[in-house]
Amino acid sequence: DAGVIQSPRHEVTEMGQEVTLRCKPISGHNSLFWYRQTMMRGLELLIYFNNNVPIDDSGMPEDRFSAKMPNASFSTLKIQPSEPRDSAVYFCASSLNRGSTGELFFGEGSRLTVL
Amino acid sequence: QQQVKQSPQSLIVQKGGISIINCAYENTAFDYFPWYQQFPGKGPALLIAIRPDVSEKKEGRFTISFNKSAKQFSLHIMDSQPGDSATYFCAPSYNNNDMRFGAGTRLTVKP
Numbered sequence: 655d656a657g658v659i660q661s662p663r664h665e666v667t668e669m670g671q672e673v674t675l676r677c678k679p680i681s682g683h684n685s686l687f688w689y690r691q692t693m694m695r696g697l698e699l700l701i702y703f704n705n706n707v708p709i710d711d712s713g714m715p716e717d718r719f720s721a722k723m724p725n726a727s728f729s730t731l732k733i734q735p736s737e738p739r740d741s742a743v744y745f746c747a748s749s750l751n752r753g754s755t756g757e758l759f760f761g762e763g764s765r766l767t768v769l
Numbered sequence: 877q878q879q880v881k882q883s884p885q886s887l888i889v890q891k892g893g894i895s896i897i898n899c900a901y902e903n904t905a906f907d908y909f910p911w912y913q914q915f916p917g918k919g920p921a922l923l924i925a926i927r928p929d930v931s932e933k934k935e936g937r938f939t940i941s942f943n944k945s946a947k948q949f950s951l952h953i954m955d956s957q958p959g960d961s962a963t964y965f966c967a968p969s970y971n972n973n974d975m976r977f978g979a980g981t982r983l984t985v986k987p
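Line order of the protein sequences matches chains H and D.
My numbering applies: residue 655 is where the first sequence begins, and numbers increase by one.
My numbering applies: residue 877 is where the second sequence begins, and numbers increase by one.
FYI, nobody ran anything at the bench for these hints, they're computed from the structure.
All residues carry an ideal CB built from backbone N, CA and C; glycine is no exception.
Be aware that one or more of the hints could be misleading.
Derived lysine to any residue pairs resembling SDA-like cross-links, with alpha carbons at most 20 angstroms apart [claimed, not checked]:
hint, chain 1, residue 1, chain 2, residue 2
1, D, LYS918, H, ARG765
2, D, LYS881, H, GLU698
3, D, LYS918, H, MET694
If the Cβ cut is set under 7 angstroms, some of the chain D residues that face chain H in the computed set are [said to hold, decoys possible]:
hint, residue
4, PRO916
5, GLY919
6, PRO920
7, LEU922
8, ARG976
9, PHE977
10, GLY980
Isolated chain H, as found in the complex (with noise of 0.2 angstroms):
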């Protein structure tokens, strides 16, 4: 079975410049959360959808950032316009949601640098 799928794997941009990741959630999962990981900071909850619905965004560092589910099997994170401090791996999950907490299954993430 494919896991979460995550695209890119790595990404190089200049400070400014429009940044989208993308990911594909496990087949039949109907809740997806979009990570942060610095080694300051930690792992960070930025947003995270059920059913496509956007539940709690209060983890979105601030305007620059927006996260969209236009349907089950995809999701896309976006960062406009990019600065260095946005340097991290993002990493998307997926879980089934049957009324009461599941695993989490990440994808290999996103390993973004601003320069």
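Please build the complex by placing chain D on the supplied structure of chain H, with the hints as guidance.
Frame of chain H, contents of chain D only:
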């Protein structure tokens, strides 16, 4: 992350020793208490999890202990091996919502 405190931040154990990592939480509504393991360059993966109706769960060398009254749960790794060297995260949650991770514990098992 403010509701979850994980300790220690780092841990060095000799091969064959016992590794113990702790997680304290505030939200009494949490109903799922997992530990995730992350190797460098990989995403975290579920190692073991417990629900509040039991106080302990054992899977091989890994045991999770849950103390509801103290609002704490811990991970014990028996007979620690160099291959266990990784970062471990607790991530208690309620109803699949708000799955925030602890700060992480970097475990090094020396041969």
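We went through each hint and held it up to the structure:
| no. | hint | in the structure |
| --- | --- | --- |
| 1 | LYS918(D) - ARG765(H) | 11 angstroms, holds |
| 2 | LYS881(D) - GLU698(H) | 14 angstroms, holds |
| 3 | LYS918(D) - MET694(H) | 18 angstroms, holds |
| 4 | PRO916 | 11 angstroms, violated |
| 5 | GLY919 | 3 angstroms, holds |
| 6 | PRO920 | 5 angstroms, holds |
| 7 | LEU922 | 5 angstroms, holds |
| 8 | ARG976 | 5 angstroms, holds |
| 9 | PHE977 | 4 angstroms, holds |
| 10 | GLY980 | 6 angstroms, holds |
Checked against the numbered hints above, the structure violates only hint 4.
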